[in-house]
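Going down the list, the sequences are from chains C and L. Heads up: the first sequence begins at 0 in numbering that gives the first Met the number 0, then just goes up one per residue. Heads up: the second sequence begins at 0 in numbering that gives the first Met the number 0, then just goes up one per residue.
Since the hints were derived computationally from the structure, they do not count as laboratory data. Note that the Cβ used here is the ideal one computed from N, Cα and C, for glycine as well. Just to be clear, a hint being listed does not mean it is correct.
[Said to hold, decoys possible] Stretch by stretch, here's where chain L covers chain C in the computed footprint (C-beta under 8 Å, at least three residues):
(1) 90 to 96
(2) 99 to 106
(3) 113 to 121
(4) 143 to 152
(5) 167 to 180
(6) 251 to 260
(7) 320 to 334
[Stated by the list, open to error] Which residues of chain L face chain C? A few of them, derived with a C-beta cut under 7 Å, are:
(8) T163
(9) N358
(10) L565
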Amino acid sequence: MDPDGLRDEALAAVAAAETLPALDEARVAYLGRKSPLKLALREVRDRESGMALNAVREAIEAAVAGKQEQLEGAELEARLATERVDVTLPPELLGSVRPRRRGTLHPSTQVRRDVEDIFLGLGYEVVDGREVETTRYNFDALGFPDWHPSRSPRASLYLDDETVLRTETSPAQIHKMESTRPPIYMVSIGRVYRRDTIDATHFPIFHQFEGLAIDKGITMADLKGTLLYVMQQLYGPERQVRFRTHYFPFTEPSMEPDVSCFACGGAGCSICKHSGWIEMGGSGMVDPYLYEFVGWGPEEYTGFAFGMGIERTAQLRHGIPGVRPFWDNDLRLLRQFR
Amino acid sequence: MKVPMSWLRDYVRTDATTEQIAAALSVSTAEVNGIDRRGVPGDLSLFRVGHVLEAEKHPNADRLQLTKVDVGEAVLQIVCGAWNFGAGAKVAVALPGATLPNGLTLERRKLRGEVSEGMILAEDEVDLGTDHNGIMLLDDALAPGMPLGDVLPLVEEVLDVEATGNRPDLLSVYGLAREVAALFDGELVPLDDAEPGRAGDETVNVQIDDYAGCPRYVGRLFRGVGIGESPVWLKARLRAAGVRAISNVVDVTNYVMLALGNPLHVFDFDTLHGGRVVVRRAGPGEQLRTLDGTLRALDPRDLLIADADRAIALAGIMGGEETEVTESTTNVLLEAANFEPIGILGSSERLALRTEGSNRWEKGVDPHLAGPAATLATRMLVELSGARWVGAADVQGELPERAVIELRPERVTAVLGLDVPDQEAILERIGFERVGDGYRVPTWRARDVTREIDLVEEVARFRMGEIPFTLPRRDATFGRLTRWQRLRRVAEDALVGCGFSEAYTPTFVADGDYRLPEPLSSEAAALRTALVPSLVEAARQNVAWGNSEIALFEIARVYPHGDGGLPDERWHVAGVVEGGIADVAWTVEQLYSSLAVTPAVEEGDEQLLHPGKGARTAEGWFGELHPSLLDGAWGAFELDLDALAAAAPEALTYTDVSPFPEVHQDLAFVVGDDVPAAALVAAMLDAGAPELRDARVFDEYRGAQVGEGKRSLAVRVAFGSPERTLTDAEASAARSRIVESLASRFGAVLRT
Numbered sequence: 000m001d002p003d004g005l006r007d008e009a010l011a012a013v014a015a016a017e018t019l020p021a022l023d024e025a026r027v028a029y030l031g032r033k034s035p036l037k038l039a040l041r042e043v044r045d046r047e048s049g050m051a052l053n054a055v056r057e058a059i060e061a062a063v064a065g066k067q068e069q070l071e072g073a074e075l076e077a078r079l080a081t082e083r084v085d086v087t088l089p090p091e092l093l094g095s096v097r098p099r100r101r102g103t104l105h106p107s108t109q110v111r112r113d114v115e116d117i118f119l120g121l122g123y124e125v126v127d128g129r130e131v132e133t134t135r136y137n138f139d140a141l142g143f144p145d146w147h148p149s150r151s152p153r154a155s156l157y158l159d160d161e162t163v164l165r166t167e168t169s170p171a172q173i174h175k176m177e178s179t180r181p182p183i184y185m186v187s188i189g190r191v192y193r194r195d196t197i198d199a200t201h202f203p204i205f206h207q208f209e210g211l212a213i214d215k216g217i218t219m220a221d222l223k224g225t226l227l228y229v230m231q232q233l234y235g236p237e238r239q240v241r242f243r244t245h246y247f248p249f250t251e252p253s254m255e256p257d258v259s260c261f262a263c264g265g266a267g268c269s270i271c272k273h274s275g276w277i278e279m280g281g282s283g284m285v286d287p288y289l290y291e292f293v294g295w296g297p298e299e300y301t302g303f304a305f306g307m308g309i310e311r312t313a314q315l316r317h318g319i320p321g322v323r324p325f326w327d328n329d330l331r332l333l334r335q336f337r
Numbered sequence: 000m001k002v003p004m005s006w007l008r009d010y011v012r013t014d015a016t017t018e019q020i021a022a023a024l025s026v027s028t029a030e031v032n033g034i035d036r037r038g039v040p041g042d043l044s045l046f047r048v049g050h051v052l053e054a055e056k057h058p059n060a061d062r063l064q065l066t067k068v069d070v071g072e073a074v075l076q077i078v079c080g081a082w083n084f085g086a087g088a089k090v091a092v093a094l095p096g097a098t099l100p101n102g103l104t105l106e107r108r109k110l111r112g113e114v115s116e117g118m119i120l121a122e123d124e125v126d127l128g129t130d131h132n133g134i135m136l137l138d139d140a141l142a143p144g145m146p147l148g149d150v151l152p153l154v155e156e157v158l159d160v161e162a163t164g165n166r167p168d169l170l171s172v173y174g175l176a177r178e179v180a181a182l183f184d185g186e187l188v189p190l191d192d193a194e195p196g197r198a199g200d201e202t203v204n205v206q207i208d209d210y211a212g213c214p215r216y217v218g219r220l221f222r223g224v225g226i227g228e229s230p231v232w233l234k235a236r237l238r239a240a241g242v243r244a245i246s247n248v249v250d251v252t253n254y255v256m257l258a259l260g261n262p263l264h265v266f267d268f269d270t271l272h273g274g275r276v277v278v279r280r281a282g283p284g285e286q287l288r289t290l291d292g293t294l295r296a297l298d299p300r301d302l303l304i305a306d307a308d309r310a311i312a313l314a315g316i317m318g319g320e321e322t323e324v325t326e327s328t329t330n331v332l333l334e335a336a337n338f339e340p341i342g343i344l345g346s347s348e349r350l351a352l353r354t355e356g357s358n359r360w361e362k363g364v365d366p367h368l369a370g371p372a373a374t375l376a377t378r379m380l381v382e383l384s385g386a387r388w389v390g391a392a393d394v395q396g397e398l399p400e401r402a403v404i405e406l407r408p409e410r411v412t413a414v415l416g417l418d419v420p421d422q423e424a425i426l427e428r429i430g431f432e433r434v435g436d437g438y439r440v441p442t443w444r445a446r447d448v449t450r451e452i453d454l455v456e457e458v459a460r461f462r463m464g465e466i467p468f469t470l471p472r473r474d475a476t477f478g479r480l481t482r483w484q485r486l487r488r489v490a491e492d493a494l495v496g497c498g499f500s501e502a503y504t505p506t507f508v509a510d511g512d513y514r515l516p517e518p519l520s521s522e523a524a525a526l527r528t529a530l531v532p533s534l535v536e537a538a539r540q541n542v543a544w545g546n547s548e549i550a551l552f553e554i555a556r557v558y559p560h561g562d563g564g565l566p567d568e569r570w571h572v573a574g575v576v577e578g579g580i581a582d583v584a585w586t587v588e589q590l591y592s593s594l595a596v597t598p599a600v601e602e603g604d605e606q607l608l609h610p611g612k613g614a615r616t617a618e619g620w621f622g623e624l625h626p627s628l629l630d631g632a633w634g635a636f637e638l639d640l641d642a643l644a645a646a647a648p649e650a651l652t653y654t655d656v657s658p659f660p661e662v663h664q665d666l667a668f669v670v671g672d673d674v675p676a677a678a679l680v681a682a683m684l685d686a687g688a689p690e691l692r693d694a695r696v697f698d699e700y701r702g703a704q705v706g707e708g709k710r711s712l713a714v715r716v717a718f719g720s721p722e723r724t725l726t727d728a729e730a731s732a733a734r735s736r737i738v739e740s741l742a743s744r745f746g747a748v749l750r751t
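Next up, chain C with everything else stripped away, as it sits in the complex (with noise of 0.2 Å):
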């Protein structure tokens, strides 16, 4: 027998079934047990035409397969065409409406809210800009030196090599100042991207709030008093704040916030590691290089900023292990938070 003509005959006649009982028919005649094929296959002695054959069989079968597939999808397009309801009628008048229990807000956009009141409450204005950033915004601007870790296709998302999903709220603020003049006073609150693998405790995407303030005569007296009220507002009134040397491009000087442990009052528990403090994000005075990106004198103005994460507030109000809870969305969790 010729394995290639049986091969593009059962191919055609598979093409040809235009219904599931007339693909089942092309499929009992070209594969069935008493089809030529298994019976050629029963007397094959050599290698070659047995492998022959076997490709032949391997052919059909994927077609069959494929065709299967096409004509059920069809099958179902079709009755569910039958379906058709008209749905511009009123709701109750398409189903009965179940009543449901009361949702709930994601604990991130409960964080989200409470820090938009807070910095309200302060006379801030709130700000989400961008996510997808240009390096000048994202890096350039903010004074990320050349050699600075987070400008590397390891540690942060790119699109190209101008085009970055932003690594921080920050672009937000150089907009802001690029289209006023201080006082500024904003927090900008989003999403921001790292490329890390996924684990316990690192997602690629976070939250954070970040807060910008640029006037005249302001100090780190200033970003000490801020930062003090936000936090007692966040954790309670009984919080005490204390401020570590750190370095970050866009502030000078650079500071990061401790906030007293609220689970052990400053004694040492896990939840601090035993230090009495639990660090909460970063801070400093606008390094004076952002009033010359945006064409203003160095010291016509002084300002402070400062950044915290969503996700990490959230963590520790409700004591929420690790980041995956915030994106799994599991009703059993998120149901929780009323």
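Starting from the structure of chain C, add chain L where the hints point.
Positioned in the frame of chain C, the structure of chain L alone reads:
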């Protein structure tokens, strides 16, 4: 960096405790992540220097020795498994009752019939090393009974210090000692600059071809080097600092790097072709097998150490295998150089090779440090390996001038909000020199401190706790959510009220208008253009977890193609709900209503929806989810929240409630199945104006009475006027206009 306190205290004299030092460094210098307490946990007085008086084979065991050891007030019988000592040796002894670092507490007990009153210690038993081949042999000059803690670092506290990237000077014990001295007004012990005597005057042939990459190269030649183990104190320090001891010569290079922050390298001098060293960039096609055994293809940007013929080390990163110092080495060339950071960082990234050395170079090492590093290493090599120092070279290009930066005292006050009258004293304690109105920057801070604001920071970090807590004094305030932000809250609350819980799903999907050149995974390769597919996935997982009454919504951005290279980021609101078309239609109606927008609903053909149960509005779509996506009946919607917010009225205007009663009637029309109810109602409102005030479908009927392909839609209508009560004639005239209009537009027939 791991910093053993005993080492730190070699360089700084202060009464401050370890805890005080850790706390102060954390606030003003670099974060201390923890204090690791190593070594003997309990009573140190039970560890002594012992003098072995007798040592013989144990009468009942071939592999044990029976010894008599003088430990001061007594002579004890101790059974020992080691044979590397005999009578006369000075050894380390733990007495009964002593607790070892592994938690074992010793007791007086019989071993093979003989009493053993303690233990003669090997270095691993007190956490000073890994060697268990024999016991530690101590200096013969020590007196029996001396506290062992005076001789060996039996207890060590180790600070885990995390220096920020701008402070390479803190990647050294001495650099941290300088900060501790400033913080506690302690005394910084000056570095000993005494060179040991030279035992020869051989030429060391060093040539720098690239002064930009290597501003300085100190080479020193040693002959008669005895390679061997380092003494216990040195091994113990390296061990506490997290560095493996290898041999005395290699250990010295690591020790000096940790002590001062200048990485060093040693070559087996006899393996260098031409006996010379050249610092140059790699040539085309050049290769080097590094110490880790890997053959590396070099890039013309890579800085090399070469001999007369070939590459022998990747400058600052790793040495070559062929010139490595081994047990048989007798002549050593020591390299104490300075390399420029950006080039080292580039090579280290290209080769994916990071070492303790590259980590320091890439942050910028003080070029003036090579001299003191060479001096300390020379002293240690001569002392520990018996080597003779026979030759030296110090080749340098132009080292940078030390900058003088002006500092206005009032600028400190303006930035800090605190007067710091002693700012000059603070700066001088960390190495800045007062020059006129400014300060000369110490060489180890040259890269980091270049502007006045950097000097302000230096002052600030020593006054962090004293800066008061104040709030900005404001002339203007603008604390209000934008209209869009307020509407987002309204939409969130409306959906929560409809029974939806809020989900956060990832930005990334398999395909979209913008792809990541380096995807996170095949499922996270592009920016999404719709939210529903992510919510379907979240719903599917909730089904798998056995959750019921699933209803999820999300408000997030999508990233369709935009002008000028960046996506047109738009906010969407979307939801997925267990239930059918009615549930989702009701939810969408509630959502629109919460924003005071009336949806214009039409039939839609969204791919994700059931083909017969999909609707479209001006802002998006809703309907029953296509059954191939999830088992059972599900509803889904996706709306452009920016468009929805734009459609919401800016302001609501009051309308008088009419005092004149409306006339309500129920009208039923038989129309073709293909006429959408919404189109019928819209036509009614159009034809019935102005008397027709409201119309809502309240019943749909199909059956024999209305005929095949047709249905009856019953509509409740209200006729009225704000000016007067309508007469029957006026109402029926409006009704007639409606009936005629529907008849002509849709062939609708009024049922009577």
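How the hints compare with the structure:
1. By the rule of at least three residues with a Cβ nearer than 8 Å to a Cβ of chain L, the coverage given for the region 90 to 96 of chain C holds, with 7 such residues.
2. As drawn, the region 99 to 106 of chain C meets chain L at 7 residues by the rule of a beta-carbon pair under 8 Å; at three or more, the given contact holds.
3. Under the rule that three or more residues need a Cβ within less than 8 Å of chain L, the assignment of the region 113 to 121 of chain C holds, with 5 such residues.
4. Coverage of the region 143 to 152 of chain C by chain L holds in this model, with 6 residues showing a Cβ closer than 8 Å to a Cβ of that chain against a need of three.
5. Here's how the region 167 to 180 of chain C fares: 0 of its residues keep a CB closer than 8 Å to some CB of chain L, so the rule of at least three is not met and the hint is violated.
6. Chain L is given as covering the region 251 to 260 of chain C, and this holds because 5 residues of the stretch bring a CB closer than 8 Å to a CB of that chain, at least three being needed.
7. Three residues within the 8 Å Cβ limit are the bar, and the region 320 to 334 of chain C against chain L gives 9, so the coverage statement holds.
8. Of the supplied interface hints, the one on T163(L) holds, with its beta-carbon coming within about 4 Å of a beta-carbon of chain C, less than 7 Å.
9. At about 12 Å, the closest approach between the beta carbon of N358(L) and any beta carbon in chain C exceeds 7 Å, and the interface hint on this residue is violated.
10. A hinted interface residue such as L565(L) counts as satisfied when its beta carbon comes closer than 7 Å to some beta carbon of chain C; here the least separation is about 5 Å, so the hint holds.
Checked against the numbered hints given earlier, the structure breaks hints 5, 9 and satisfies all the rest.
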